[in-house]
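K.L.:
Based on the sequences and whatever the hints tell you, model everything.
Protein chains in written order, with this note's numbering: chain A, 1 to 332; chain B, 1 to 332; chain C, 1 to 332; chain D, 1 to 332.
Because the hints were derived from the structure by calculation, they are not lab data. Treat the hints with care, as some may be off.
Since copy identity is lost for identical chains, a pair holds within one copy or between any two.
[Stated by the list, open to error] Taking lysine to any residue and the SDA-like style, the derived pairs with C-alpha atoms no more than 20 angstroms apart in a straight line are:
1. Lys90 to Phe332
2. Lys201 to Gly217
3. Lys39 to Pro68
4. Lys90 to Asp101
5. Lys201 to Thr160
6. Lys90 to Glu183
Protein chains: 4
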Amino acid sequence: MRIALLGAGRIGRLHAELLAGLTDAEGLFIADIDGERAKAVASEVGATAVPDSLEAIERADASVIAAPTDAHATLIRRSLARGIPTFCEKPLAASLEETIDLVRLIDASDVPVQVGFQRRFDPAYQEARRLVTNGGLGIIYLIRLAGHDPAPPHEAYIPTSGGIFRDFSIHDFDALRYLTASEVTQVYADGSVRGFPVFAKYRDVDTAVATLRLADGTLAVLTAARHDPLGYDVRTELFGSRDSVAIGLGQRTPLRSLEPDVPSPVGPLWSDFLIRFRDAYRAELAEFLRVARGGAPSPCTASDGLAALRVAEAADRSLHEHRVVMLDEIPF
Amino acid sequence: MRIALLGAGRIGRLHAELLAGLTDAEGLFIADIDGERAKAVASEVGATAVPDSLEAIERADASVIAAPTDAHATLIRRSLARGIPTFCEKPLAASLEETIDLVRLIDASDVPVQVGFQRRFDPAYQEARRLVTNGGLGIIYLIRLAGHDPAPPHEAYIPTSGGIFRDFSIHDFDALRYLTASEVTQVYADGSVRGFPVFAKYRDVDTAVATLRLADGTLAVLTAARHDPLGYDVRTELFGSRDSVAIGLGQRTPLRSLEPDVPSPVGPLWSDFLIRFRDAYRAELAEFLRVARGGAPSPCTASDGLAALRVAEAADRSLHEHRVVMLDEIPF
Amino acid sequence: MRIALLGAGRIGRLHAELLAGLTDAEGLFIADIDGERAKAVASEVGATAVPDSLEAIERADASVIAAPTDAHATLIRRSLARGIPTFCEKPLAASLEETIDLVRLIDASDVPVQVGFQRRFDPAYQEARRLVTNGGLGIIYLIRLAGHDPAPPHEAYIPTSGGIFRDFSIHDFDALRYLTASEVTQVYADGSVRGFPVFAKYRDVDTAVATLRLADGTLAVLTAARHDPLGYDVRTELFGSRDSVAIGLGQRTPLRSLEPDVPSPVGPLWSDFLIRFRDAYRAELAEFLRVARGGAPSPCTASDGLAALRVAEAADRSLHEHRVVMLDEIPF
Amino acid sequence: MRIALLGAGRIGRLHAELLAGLTDAEGLFIADIDGERAKAVASEVGATAVPDSLEAIERADASVIAAPTDAHATLIRRSLARGIPTFCEKPLAASLEETIDLVRLIDASDVPVQVGFQRRFDPAYQEARRLVTNGGLGIIYLIRLAGHDPAPPHEAYIPTSGGIFRDFSIHDFDALRYLTASEVTQVYADGSVRGFPVFAKYRDVDTAVATLRLADGTLAVLTAARHDPLGYDVRTELFGSRDSVAIGLGQRTPLRSLEPDVPSPVGPLWSDFLIRFRDAYRAELAEFLRVARGGAPSPCTASDGLAALRVAEAADRSLHEHRVVMLDEIPF
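P.N.:
Take a look at the structure:
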């Protein structure tokens with residue numbers, strides 16, 4: 001199995017390292033718009049640097065796309081043209097319209113495409129989904145989602161990000177669908193610029209909240225922050241008629257209890273997503289290799305990518321229009 | 001210091017016990033609409049049962065009102081007429097209009113009135129407020145509030161409760177004001193009947209969510225549930241530019257982590273508000289005795305009671321009208 | 001053709017008179033809950049009074065229902081049970097739920113049912129519809145609807161009316177559908193109690209406004225008033241890319257121009273709906289007789305009745321919830 | 001009295017002609033960014049062309065500003081600096097922020113400023129206001145406003161216009177304030193592109209509707225269109241408990257009745273605002289000359305201009321955010 005890894009930036013480097021451990025490194029063809037970066041990563045993991053993505057795709061049996069967002073759609077189209085299984089980091093494309101077009105194209109093809117929502121491969125998320133599915137939680141009352149990043153991105157990234165909901169909370173929107181196997185029907189969102197005025201320059205915010213209603217009446221709340229001084233805080237709590245459970249709550253959670261009898265955590269807190277979800281990323285790529293070999297259907301399809309994006313679109317619209325937005329208002 | 005304790009139900013009995021430990025039990029005059037209940041509680045704690053509230057107020061130097069909500073306003077008016085310091089469990093009155101009238105009456109008098117928001121006397125809440133005030137948290141980004149009750153009230157109580165926000169979340173609305181020393185300016189709320197259809201009979205819900213915006217742009221989310229199978233879960237998390245802290249998070253929190261490395265809690269979880277906040281109730285009454293002796297101003301005034309109620313009103317209106325409600329829309 | 005006329009009140013008496021002129025008066029069986037009233041009207045027009053609606057229906061080939069709203073559904077069911085063509089004044093039933101049930105029942109039967117939206121038989125409305133249909137107006141830009149009644153109903157009627165939109169503006173909602181052959185997709189409505197505080201007692205208003213959006217983007221505004229000192233003012237203006245036309249504008253319009261060069265109207269202004277739409281009522285009943293004889297399909301079906309009611313429901317919800325309401329939110 | 005007329009375009013030319021008839025034409029100094037245009041207009045009316053607005057202001061005792069919108073603020077500041085009474089066509093400035101600044105500056109000066117809402121000088125508007133003020137209408141129930149322009153502006157103008165509400169309906173917003181002496185408190189607006197897709201390019205619309213609520217509960221509806229094939233249709237109807245009256249309704253109204261007994265209008269319909277409001281413009285300028293001579297206070301102050309603009313801002317926000325907007329949300 002020869003793999004084209006397209007993009008050798010922060011997340012591309014992680015994928016290179018993980019793929020090198022999961023498959024034959026020599027068959028890993030790495031391309032990046034910055035050729036030197038491709039060479040450096042390839043040499044680190046024993047893979048092969050190639051001059052451009054076209055050549056990488058040409059020589060490979062499967063693609064893994066970790067390039068900047070604005071290149072995703074083009075690279076997916078190229079992989080589809082070659083008919084090779086494709087993994088792509090979220091989002092599939094830079095706009096809703098382009099995403100809708102891509103999903104149609106993918107659905108009309110026979111090529112499996114997997115979108116990179118790595119939380120689906122984290123054991124605690126998987127256990128929570130199991131408890132929802134097998135009735136271990138009973139009727140779901142409420143879901144509380146938190147996604148707090150350790151530090152804001154560089155300014156250059158902000159205008160390309162699509163805003164906090166499309167860029168960051170989209171992982172929580174996918175998690176909500178994954179955990180409940182249900183769809184969001186309405187969203188109310190609000191946001192604020194609290195610590196980093198640069199976000200206001202781009203009509204974006206550095207903190208945000210949302211309430212979400214699912215098709216069956218289950219309610220969820222979400223918070224998102226671009227800065228958390230203690231680390232990377234991604235948690236989900238599910239409250240049901242039979243049990244109350246938490247994902248991401250433990251010794252490494254960057255949250256300090258003020259209760260008198262709680263000891264301080266020993267050992268390092270979760271500091272970023274690469275550390276927090278490293279095992280999930282590995283499991284995700286391992287699953288993609290199974291998909292690429294024809295051994296499994298895509299565990300996170302292009303339609304899943306679109307569905308999460310539509311929730312993000314609704315949240316963004318709610319934030320800017322100061323009103324409740326129904327998912328029905330968002331094209332698909 | 002002779003005290004009239006008006007009401008000997010669940011919360012009245014707790015107050016009787018705590019007051020008996022804080023002051024001379026013989027000077028504690030207990031009245032209840034059910035005379036037998038007053039006698040039983042009085043005999044338990046060594047206090048004096050009296051036939052009715054008028055006599056209790058007549059003989060006392062201060063009042064503690066723990067009667068049903070619909071009697072609050074009348075009992076406060078009687079205490080004011082006697083000019084004696086008065087403690088009253090929330091809410092001050094059964095409607096917003098009556099509360100506004102009472103606040104005007106109280107403001108025009110010299111009699112100190114203290115409203116029973118006991119969380120203000122919990123050490124973790126006090127520490128969190130200290131951290132906000134002294135800058136220990138830096139800029140506040142987000143606040144997350146959870147109030148999940150172990151079991152729903154009896155059906156007879158539901159139509160008198162004013163709904164989940166006025167009855168239950170009002171403690172969180174007061175806590176939000178107490179912690180931040182800031183005012184809520186807008187609310188969006190939603191709710192659902194998930195486990196207990198009886199709430200629908202009274203246009204009430206058994207689970208609810210809200211997002212709140214404070215005057216300075218701080219955002220908060222809140223969840224409320226009438227049932228939690230693991231116990232009484234009241235938590236608040238505050239995220240700021242310098243620290244991330246939690247109230248109510250520890251060994252007794254009724255929440256089960258799904259992370260693989262987290263041990264199960266040893267010892268009992270918090271099961272109800274009397275256990276969770278027993279110390280806070282004692283501290284609250286101790287403070288009221290100081291207030292009654294003229295040694296301190298009211299730590300939670302009638303205006304504070306009104307302010308929290310107005311947030312609850314806005315949340316209730318939002319829930320029923322499916323739209324964002326500005327606090328300016330609520331009379332005061 | 002023998003006809004059961006059920007109800008001999010204000011509108012029933014008009015129908016009696018018109019039917020007596022359109023068909024054989026002896027075959028007109030009039031029943032009313034007030035037997036004396038039935039006799040009086042029957043003797044006026046040369047018809048036959050019968051003791052109750054069951055007997056009238058039993059002896060007739062078609063029913064005309066002009067009874068109070070709360071009897072409509074029962075009388076329709078009885079006519080359907082007999083299988084005879086049925087005309088019913090709006091509304092079909094007292095609630096949306098019951099209307100939905102009735103529409104299903106009617107659709108499942110072969111019995112023609114005609115709902116009484118008489119404006120569909122007014123020449124100016126018919127000409128306007130023709131101009132929309134044949135392109136005489138071009139692209140429709142805007143529609144302006146006014147429905148101003150000369151005087152408010154008796155207090156006893158108000159709580160049974162369903163509110164100003166279901167009771168009164170429903171004629172304009174039907175007219176909007178009839179004129180454009182298009183459906184309303186969203187409504188924003190507001191209302192006020194200006195002259196008659198009695199409406200507030202029943203959560204109703206005496207003046208109201210609405211904006212409506214049709215499926216193709218056409219916009220409409222509507223005003224409704226329970227009192228107009230000059231008379232009965234029902235007008236509709238349609239603005240298109242080729243023409244700008246008005247219904248209800250002329251010498252009898254109860255509206256006084258302040259322009260210096262406009263003479264005062266000569267002759268009487270329209271004073272009430274019986275005068276304004278008398279010819280339309282006659283044409284409506286004449287058409288029903290054609291329908292009853294099998295000569296034409298119903299010109300205003302039960303589904304049309306439901307569709308107009310759903311717009312009224314949306315307007316009422318908007319009024320009470322202070323927000324835009326999508327028609328999709330209303331059951332059907 | 002020497003007057004600087006700044007701007008010699010369409011409206012400037014009208015002002016030149018009217019001013020020449022009202023005062024000594026030789027003392028009328030006309031400047032325009034297009035010097036030839038200034039000369040042509042000056043020679044037409046016997047006035048004096050000057051090379052630039054600075055010189056015109058320097059030589060005059062009063063300014064009349066009829067330049068493009070983006071020059072208004074600068075020209076007002078220059079007139080204020082010279083301390084001469086100033087008339088300015090609406091709007092005062094190109095943005096809300098700049099308008100707020102200007103109003104402060106004007107209020108702090110002693111220089112009278114008059115904003116050009118010419119409808120205040122139309123006899124029918126004045127009579128309607130008189131009837132509101134003296135009780136001739138009784139309690140006001142409803143107000144219906146229509147503003148339909150004969151043809152859309154050139155494309156180049158659209159992006160500078162501020163959108164249909166700021167550019168066009170602002171005259172109706174001012175009229176509403178003038179007629180009722182009351183303030184708008186909330187607005188819901190919607191809009192559509194029906195005939196001229198070019199408006200969509202600039203996030204503008206060619207037809208619009210709004211409902212407005214005044215401080216005392218009076219309700220109003222408004223329609224606005226950029227095209228009316230029959231002419232220029234500006235009408236206002238006021239419905240009260242004592243009378244129902246219309247402005248702009250008569251032989252020249254570009255609206256065709258479909259009622260059978262209404263004759264077609266004889267003579268020309270109103271074709272544009274210059275014809276419809278020519279007399280009002282003359283009366284407006286005559287009044288400004290009185291103001292400039294110190295004989296009267298400004299009949300339409302900068303604060304009036306700001307107040308109408310704030311309603312337009314609220315309507316524009318409502319249109320784009322699909323929700324009700326409170327006037328309180330708009331800065332002032």
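K.L.:
How would you classify Lys39 and Pro68 at a CA-CA limit of 20 angstroms: within, between, both, or neither?
P.N.:
Within one copy only: 18 angstroms inside, 59 angstroms across.
K.L.:
At most 20 angstroms between alpha carbons: which applies to Lys201 and Gly217, within, between, both or neither?
P.N.:
between (37 angstroms within a copy, 17 angstroms between copies)
K.L.:
Check Lys90 against Asp101 for me: Cα-Cα at most 20 angstroms, and say if that holds within a copy, between copies, both or neither.
P.N.:
Only inside one copy: Lys90 and Asp101 sit 16 angstroms apart there, 46 angstroms across copies, limit 20 angstroms.
K.L.:
As a check of your reading, is Lys90 near Glu183 (CA-CA no more than 20 angstroms) within one copy, between copies, both or neither?
P.N.:
This pair counts as within: shortest intra-copy Cα distance 19 angstroms, inter-copy 39 angstroms.
K.L.:
Evaluate Lys90 and Phe332 at a C-alpha cut-off of 20 angstroms and name the case that applies: within, between, both or neither.
P.N.:
within (17 angstroms within a copy, 39 angstroms between copies)
K.L.:
First find the shortest C-alpha distance between Lys201 and Thr160 inside one copy, then the shortest across copies, and answer within, between, both or neither for a cut-off of 20 angstroms.
P.N.:
This pair counts as within: shortest intra-copy Cα distance 13 angstroms, inter-copy 23 angstroms.
In this structure, every one of the numbered hints holds.
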